[in-house]
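K.L.:
Here's the letter readout for the chains.
Protein chains: 2
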Amino acid sequence: MTTDKIASLKRLLDPKKIAIIGASNAKEKVGGIVFRRLLASRRRLFAVNPNEIAIEGHKVYSNIALLPDKIDLAVITIGAAAAVKAVKACIQKKIPNYILVAGGFGEVGSQGRELEEKLKTLAQQHKINILGPNSLGIFLPNENIDTIFVEHGDQALDRKGKVACIVQSGSVGVEALGYAANTGYGMRAFVGLGNKCDLDEIDFLHYFAQDEKTNCLGFYLENIEKGRQFLEIAKQTTKEKPVVVLKAGRTHTAASAVTSHTGKLAGSDKVISGALKQFGIQRVYDDEAFCDATKVLSMLGDAPGDRVAVLTAAGGYGVMCTDFVEKKKTRAGLRMAKLSRQAKTIIKEATFPFTACDNPVDITASATDDMFSQSLDALIQDDGVDIIICIAFFAPPGITENLIDIIAKKIQKTPKPIIVFTKYGPFTDTCIKDFFYAGVVAYPSIRRAVRAARFLVERKQIKHRLLREEAQS
Amino acid sequence: MTTDKIASLKRLLDPKKIAIIGASNAKEKVGGIVFRRLLASRRRLFAVNPNEIAIEGHKVYSNIALLPDKIDLAVITIGAAAAVKAVKACIQKKIPNYILVAGGFGEVGSQGRELEEKLKTLAQQHKINILGPNSLGIFLPNENIDTIFVEHGDQALDRKGKVACIVQSGSVGVEALGYAANTGYGMRAFVGLGNKCDLDEIDFLHYFAQDEKTNCLGFYLENIEKGRQFLEIAKQTTKEKPVVVLKAGRTHTAASAVTSHTGKLAGSDKVISGALKQFGIQRVYDDEAFCDATKVLSMLGDAPGDRVAVLTAAGGYGVMCTDFVEKKKTRAGLRMAKLSRQAKTIIKEATFPFTACDNPVDITASATDDMFSQSLDALIQDDGVDIIICIAFFAPPGITENLIDIIAKKIQKTPKPIIVFTKYGPFTDTCIKDFFYAGVVAYPSIRRAVRAARFLVERKQIKHRLLREEAQS
Chain S
1 MTTDKIASLK RLLDPKKIAI IGASNAKEKV GGIVFRRLLA SRRRLFAVNP
51 NEIAIEGHKV YSNIALLPDK IDLAVITIGA AAAVKAVKAC IQKKIPNYIL
101 VAGGFGEVGS QGRELEEKLK TLAQQHKINI LGPNSLGIFL PNENIDTIFV
151 EHGDQALDRK GKVACIVQSG SVGVEALGYA ANTGYGMRAF VGLGNKCDLD
201 EIDFLHYFAQ DEKTNCLGFY LENIEKGRQF LEIAKQTTKE KPVVVLKAGR
251 THTAASAVTS HTGKLAGSDK VISGALKQFG IQRVYDDEAF CDATKVLSML
301 GDAPGDRVAV LTAAGGYGVM CTDFVEKKKT RAGLRMAKLS RQAKTIIKEA
351 TFPFTACDNP VDITASATDD MFSQSLDALI QDDGVDIIIC IAFFAPPGIT
401 ENLIDIIAKK IQKTPKPIIV FTKYGPFTDT CIKDFFYAGV VAYPSIRRAV
451 RAARFLVERK QIKHRLLREE AQS
Chain U
1001 MTTDKIASLK RLLDPKKIAI IGASNAKEKV GGIVFRRLLA SRRRLFAVNP
1051 NEIAIEGHKV YSNIALLPDK IDLAVITIGA AAAVKAVKAC IQKKIPNYIL
1101 VAGGFGEVGS QGRELEEKLK TLAQQHKINI LGPNSLGIFL PNENIDTIFV
1151 EHGDQALDRK GKVACIVQSG SVGVEALGYA ANTGYGMRAF VGLGNKCDLD
1201 EIDFLHYFAQ DEKTNCLGFY LENIEKGRQF LEIAKQTTKE KPVVVLKAGR
1251 THTAASAVTS HTGKLAGSDK VISGALKQFG IQRVYDDEAF CDATKVLSML
1301 GDAPGDRVAV LTAAGGYGVM CTDFVEKKKT RAGLRMAKLS RQAKTIIKEA
1351 TFPFTACDNP VDITASATDD MFSQSLDALI QDDGVDIIIC IAFFAPPGIT
1401 ENLIDIIAKK IQKTPKPIIV FTKYGPFTDT CIKDFFYAGV VAYPSIRRAV
1451 RAARFLVERK QIKHRLLREE AQS
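Quick mapping for you: the protein sequence lines, in order, are chains S and U.
In terms of the numbering used here, the first sequence is residues 1 to 473.
In terms of the numbering used here, the second sequence is residues 1001 to 1473.
Hints in this document: simulated from the structure, not taken from any laboratory.
Ideal Cβ placement from N, Cα and C applies to all residues, glycine included.
Hints are not guaranteed to be accurate.
DEER-style ranges, computed between Cβ atoms [to be verified]:
hint	chain 1	residue 1	chain 2	residue 2	range
1	S	Ser8	U	Thr1414	47 to 57 Å
2	S	Thr400	U	Ala1007	40 to 50 Å
3	S	Gln92	U	Glu1401	43 to 53 Å
4	U	Lys1338	S	Gln111	29 to 39 Å
5	U	Gly1333	S	Lys270	15 to 25 Å
6	U	Ser1110	S	Asp369	26 to 36 Å
7	U	Glu1056	S	Arg42	52 to 62 Å
8	S	Ser8	U	Gly1301	53 to 63 Å
9	S	Asn223	U	Gly1301	38 to 48 Å
Here's a subset of chain U near chain S, in silico, CB distances under 8 Å, partners left out [claimed, not checked]:
hint	residue
10	Tyr1179
11	Glu1222
12	Asp1286
13	Glu1288
14	Ala1314
15	Gly1315
16	Met1320
17	Phe1354
18	Phe1393
19	Gly1425
20	Ser1445
21	Ile1446
Please construct the entire structure, taking both the sequences and the accompanying hints into account.
P.N.:
If you want it as structure tokens, here you go:
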């Protein structure tokens, strides 16, 4: 991707001057919602609507032709046919970037397809960037840029997040956003691709691969048109940053192969999975796994190996967790670590002589914060342990909410990944969010906590393999 | 189990007169918590504590010997050694049932083991029932009986629930309770087995098998002492009511077989799994699956077959859901139903000519409540559909919260199982609870909704097999 293209996408994602075509006083209209959301961005906004005079104290232009020069981005909130006309008018004003929110294009039959073709031609002829049509919009919490017209619970998103989410489906995207926000999620950017008449996954893969504020890329894609190209760039990216792809339709897609001829990534799902794996992409199958994977890959470093230690004050959960760790035929193998004699001695001394130290380490419901802390230290210092899963419960009388800070501080000091499984009755989500704000990755189910460890090991295996391939070539 | 034993367990689980040994004014003490919880039961309470005169306006007895006759249950909240003495004193008063909350018995070394042996002997000699020691207590929402001394979010539990949960581990049990309560769960009874010095899983399997208010039994067990007996009774039970078992330790248990010699259900996990399956028990591996399984098995009828129809207004989720339905190597096979021409015609007429009707049925984000309702009717009436998964989103402007009632009313009128997958940003749990109170089983993840369908199909297969075996013998 040329530096020009990157610079122009930067103007799309971090615009100084924004025109909102169809901005409205009606708060329920898309043009009303988007305009108000963008007010919070403190960018210079230019509303266009022939039927309005002022919105929230802002002057409204009756006509695109009257807009000032050097606008970076036009967000077009009006219906399909009118939107195409608006793009044409904006091109006259040399506006380089467009977000088209409206549906009614390629997804609704031949008339819509014609309109979409027109957009495509305009983009090519005039070298403009069009996101959409039928795009959910963009949302960059760090930059205070938000054009998403549906409710999406962003309040809970961390402002310093590092995950770039590029999603093709609107509804899945927005639900995933809300879900992630519930329990804390660090988002760098959210981009709704929509119908991809111009900008597509390749453009944003390029962009966020070079973006310094991004450390993990997640894609939810329903089709990958330029499959070969996507794979090649992803492979380059994944040497530095993990790339996660949620691609549905894994079982009943029409069978054909990944061909360099058409370049389409289609075909039997086995072929797709194989190709993604070969090129270092981590594949997931639903939005829960998408959020879980990007969260852990963004917040924790690579696992040095596959040996897991489990620390718990609730014996039953320790055993269940062991079951999940030792489960075979899954993403990436894990083993229960064999603890060093030294670690066991430290733990027994810090807790009770009868503490079960054979991993899972069960310090029992009589444990205190301090015992948990010292036992965790012993596991961090044990070279035979690569990943630690902490089972954090607040029911034992000696365990308090200080445990969150205790674990957080240790995470800051060690490169060894520490993942938390926690439950707290009706306060579970809040508790996970508290962990998140302290910098700790926590999940409300054992299965998901163990799967998170697998994502880290898978990531390490990918990096290892790509580096080896590079050395051999 | 004799009718006498059932009658005596009924006095344990639905007592008229309860003595609380160690009842206290101190609100943080176990004896303070349990006494106050039991006040809500409106049963006749008799507090015993030599150091108190009155608690919450109730007279306190200084001595067990002073208690009146015909007490049904003694809840003993004092420490291990004192608790054993208290049981002896209560036996003099001919009290037939005991709940022992304190730990410090078999789980903490030889001295504790001796005390536990004493309890065991007392139980055998005097034909009393002892639950525990180290029991979390009992909780029967219908009967307003609650002796659980830790916070457990019961407010959210349905008072007319039909699941009996019998759990060995305290912490896992109480977290599962809180978790279930978060999103609605119909509980008939919760029993914390603790160390099982006397009463064990067999007793409660017997009891709830014959209990008319129970329609599903769930066990969380860490060891099953009388394995053969448990299996035989479970097999009888499961002809009428589903039995779910969470048994951890599936991968690294010491290898030995299920022997009729010792009768212990131990050995390699494969053997355990095989035995459970053969005897018609549905096995799960963590508390999430435990709650999910018992919820759906209790609330919905058997699936007539394995053909699933998926109805959605969010296309992406429809495809993901299909992936999970078609996944192989799992609990019980499912297939995507082939819809009848009639169903497709009705749906297209009710929605749009371009609606994708090839299952998943994607009525698009332009759908309304009414379109959803009519499409659902078409799937209910289609004889080629055995189970319906509804993907319920509230983002489309035409879909309102009335959808909850719409789906609930259809469930009341059809025996065909309908399961909901829903997400609603930060309101997801509340939404699932709203569905629950309307009588609808909903889950916040596709994977879990599809797994719920598998539990129903597995249940049907079990019943079918057991009936066939019966006919052949």
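K.L.:
Against the structure, test the hints numbered earlier, and report the numbers of the ones violated in rising order.
P.N.:
Every hint satisfied by this model.
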